[in-house]
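Novice: Chain E is already provided as a structure; the job is to place chain F with the ligands on it using the hints.
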Amino acid sequence: MSPRRVLAFTKRTLLQFRHDRRTLAFVLAMPLLMVALFGYTFGGEVKGVKVQVLNADVGMFAPVNFTLPLNLEVNVGNGIVANLNYETLTISNVTDAAAARQDVDKGVVWAAIIIPEGFTRDIATALLNQSAPRPSIEVYIDGSNPNIAAAVFKSVNTALAAALQEAVSAIGGRNASLPASVEPVYAYGGGDTKFVDYFAPGVISFAIMMVTTMITIILFVNERKNGTLQRLMASPASEWEIVTGYALAFGLIGLVQSVVILTAAMLLFNIQIVGNVVLALAVIMLIAFGHQGLGILMSAGAKNELQAVQFVPLILFPSVLLAGLFWPVESIPAYLQPLAYLIPLRYGIDAERSIMLRGWGVGEVWLDLAVLVGFAALTLCASALLLKRRR
Amino acid sequence: MSEKQGREDAVIVEGLSKHFGKVKALDNLSIRVPAGEVYGLLGPNGSGKTTAIKIACGLLRQTSGRVELFGQSRPDKKVLAQVGYMPQETAVYMDNTVHENLALFGQLYGLDRERFARREAEVLRFVDLSGWRGALASNLSGGMRHRLSLACSLVHEPRLIFLDEPTVGVDPELRAAFWEYFREIANRGVTVVITTHYMDEASHCFRVGLLRQGRLVAEGAPEQLKRSTGAASLEDAFLAYARGDGQ
Ligand SMILES: Nc1ncnc2c1ncn2[C@@H]1O[C@H](COP(=O)(O)OP(=O)(O)OP(=O)(O)O)[C@@H](O)[C@H]1O
Ligand SMILES: [Mg+2]
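Read top to bottom, the protein sequences are chains E and F.
Its first residue numbered 0, the first sequence is counted upward by one per residue in numbering that gives the first Met the number 0.
Its first residue numbered 0, the second sequence is counted upward by one per residue in numbering that gives the first Met the number 0.
The reader is advised that the hints may include incorrect statements.
To be verified - Here are the computed lysine-lysine pairs in the DSS-like style, where the Cα-Cα straight-line distance is at most 27 angstroms:
id, chain 1, residue 1, chain 2, residue 2
1, F, Lys76, E, Lys224
2, F, Lys77, E, Lys302
3, E, Lys10, E, Lys105
4, E, Lys224, F, Lys225
5, E, Lys49, E, Lys224
6, E, Lys224, E, Lys387
7, E, Lys302, E, Lys387
8, E, Lys49, E, Lys105
9, E, Lys387, F, Lys21
10, E, Lys302, E, Lys224
11, F, Lys225, E, Lys387
12, E, Lys46, E, Lys105
13, F, Lys23, E, Lys387
14, F, Lys21, E, Lys302
15, E, Lys302, E, Lys10
16, E, Lys10, E, Lys153
17, E, Lys46, E, Lys10
18, F, Lys21, E, Lys10
19, F, Lys225, E, Lys10
20, F, Lys23, E, Lys10
21, E, Lys387, E, Lys10
22, E, Lys387, F, Lys77
Simulated from the structure, these hints should not be mistaken for lab results.
With the rest of the complex left out, here is chain E (with noise of 0.2 angstroms):
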């Protein structure tokens, strides 16, 4: 292999995008784009959320063990409802669970926080008697929006701390550890809380796959339709040397690419990266080399750009939906998640997460590397296998 003739391809391919200004410009903004689009829509405060609140609890007069007047009656679900965090959440009183849980799942309001009847009872009786049940708050939630459901969680697990503390207080006590939880009944999605940290990595793992997959796939179906593969085909140039040469290009692209979308991320949504970021962007150039790879086997398949871009719902939506882009991969139905194994994005996406949130190192994360490895190296081979089948 001759670096030469390697870095003559990269260098041709880089100055067409130079000259191509719309197709730079979408490649910059369109992962800027959505990383913007997605810290807005889910990473900004998350207010007025409507909910219905149940309160049941009819309190006790505090025991006859402390040493206070027995007329003093403490309601911890009154405090419940006074602490709640009334600019997060919109609150209506209601009377009925059922009717409650049934507008959740209606989708009329998001979440349902229902308080039993023997709330305080059962914590005072939980409070003398380690092994008395410990009572719940039952919160009934519409999971869908992962955001809504934590802030809506953050504001009960708030006000219930609040308001045990201020009853306990009341009753001349001390600090009193929670004998009480929060008990979350999911209507729709699952319980994941860290949303805003959690989409970064994934935007821009899923941004360089889209870029690389889709302009690759365009540039070959170009190279064949123009004869300029042919071209290359008939010089000293192999086919390895093409496919190098490109999978540099794309590297540097998504070096580029990655470094715009990370300075955006912190700059505009204060995104911290504990981990090693030279790490973080070898993972990415990983994943640009096998998407790379992928987009030449599938520029076979397709005669023209038309026939191209139908390709893209086709590795759009996989990635989506089953990467773990928006959800962790144990979120998803249990009889798709061995589909979601199959995609070597939710590779990228799983060892950027766990880089850059987690911080954790080459040790903690090779055996996502290892399938990046392997997904790039079996793509490239098989695309200059590709380009070597002669008709």
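Specialist: Frame of chain E, contents of chain F with the ligands only:
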């Protein structure tokens, strides 16, 4: 050079057949082109000219038969580096400039900076695009693009050139210049295999081969073909052969 220049065969095609499904694009074709010759492949649309050239350049696999370039049936990189190929389609990178297109092929064929600079100037002057070096190919006219495509196949000074209809869409003045150039480089030992539909042009070839339905129906120097059919022009000679074979 160790070879007996001008005498050895640059291209040997023997019993070449190519079937696309039921279509016999080439049917037992045999041609020899000695080094330093301008050889014209003539024939109606679909007679197999492009197919023959593609097989010779290793872009298609023949169904049967044999092709040798400079004595090699599976040309290695060294031989490929001395071969030029201009496809029938205008095969240039539209979103690159004239210079970038030429630079790619210069690098692929291993020209160093100095030699490339000299050759680029030469071929650009030859195809009359010197003033367009920095222009995007997509901004050139159709004929100009075709000239760029020709320039790309000549930039590395090949010893053997396959040109698939290089003069299509090129204006008459430049076309005459092209043919003059082809004959000139042939006299310096370069072998040129060329396809064309323009019969008047074909008389510039040292020898021509007439293809019909994948078969060679006549071969010889243009004058010789005219004489043997008693035709006034090569076109008439060609029609005579075409009819003769058809009946
Ligand atoms: N890829 C292909 N698949 C199927 N058939 C093909 C293919 N390429 C060529 N053919 C057929 O082979 C025959 C010869 O085609 P070829 O392109 O060699 O003709 P040609 O002499 O170059 O014609 P033209 O003067 O129009 O360029 C035609 O009948 C054509 O339909
Ligand atoms: Mg043709």
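Novice: Evaluate each hint against the coordinates.
Specialist: Structure-based check of each hint:
1. F:Lys76 with E:Lys224: Between Lys76 of chain F and Lys224 of chain E the Cα gap is close to 25 angstroms, so the pair holds against 27 angstroms.
2. F:Lys77 with E:Lys302: 33 angstroms, violated
3. E:Lys10 with E:Lys105: 57 angstroms, violated
4. E:Lys224 with F:Lys225: Not satisfied, since the Cα-Cα distance of roughly 39 angstroms exceeds 27 angstroms.
5. E:Lys49 with E:Lys224: 56 angstroms, violated
6. E:Lys224 with E:Lys387: 17 angstroms, holds
7. E:Lys302 with E:Lys387: 18 angstroms, holds
8. E:Lys49 with E:Lys105: 13 angstroms, holds
9. E:Lys387 with F:Lys21: Between Lys387 of chain E and Lys21 of chain F the Cα gap is close to 24 angstroms, so the pair holds against 27 angstroms.
10. E:Lys302 with E:Lys224: 7 angstroms, holds
11. F:Lys225 with E:Lys387: At roughly 43 angstroms apart (the allowed maximum being 27 angstroms), Lys387 of chain E and Lys225 of chain F break the hint.
12. E:Lys46 with E:Lys105: Answer holds: Lys46 of chain E to Lys105 of chain E is near 20 angstroms, not above 27 angstroms.
13. F:Lys23 with E:Lys387: 24 angstroms, holds
14. F:Lys21 with E:Lys302: 22 angstroms, holds
15. E:Lys302 with E:Lys10: With Cα atoms ~26 angstroms apart, Lys302 of chain E and Lys10 of chain E stay inside 27 angstroms; holds.
16. E:Lys10 with E:Lys153: Between Lys10 of chain E and Lys153 of chain E the Cα gap is close to 52 angstroms, so the pair fails against 27 angstroms, i.e. violated.
17. E:Lys46 with E:Lys10: This hinted pair is violated, its Cα atoms lying about 50 angstroms apart.
18. F:Lys21 with E:Lys10: 42 angstroms, violated
19. F:Lys225 with E:Lys10: 51 angstroms, violated
20. F:Lys23 with E:Lys10: 41 angstroms, violated
21. E:Lys387 with E:Lys10: 22 angstroms, holds
22. E:Lys387 with F:Lys77: Holds. Lys387 of chain E to Lys77 of chain F sits at ~18 angstroms (cutoff 27 angstroms).
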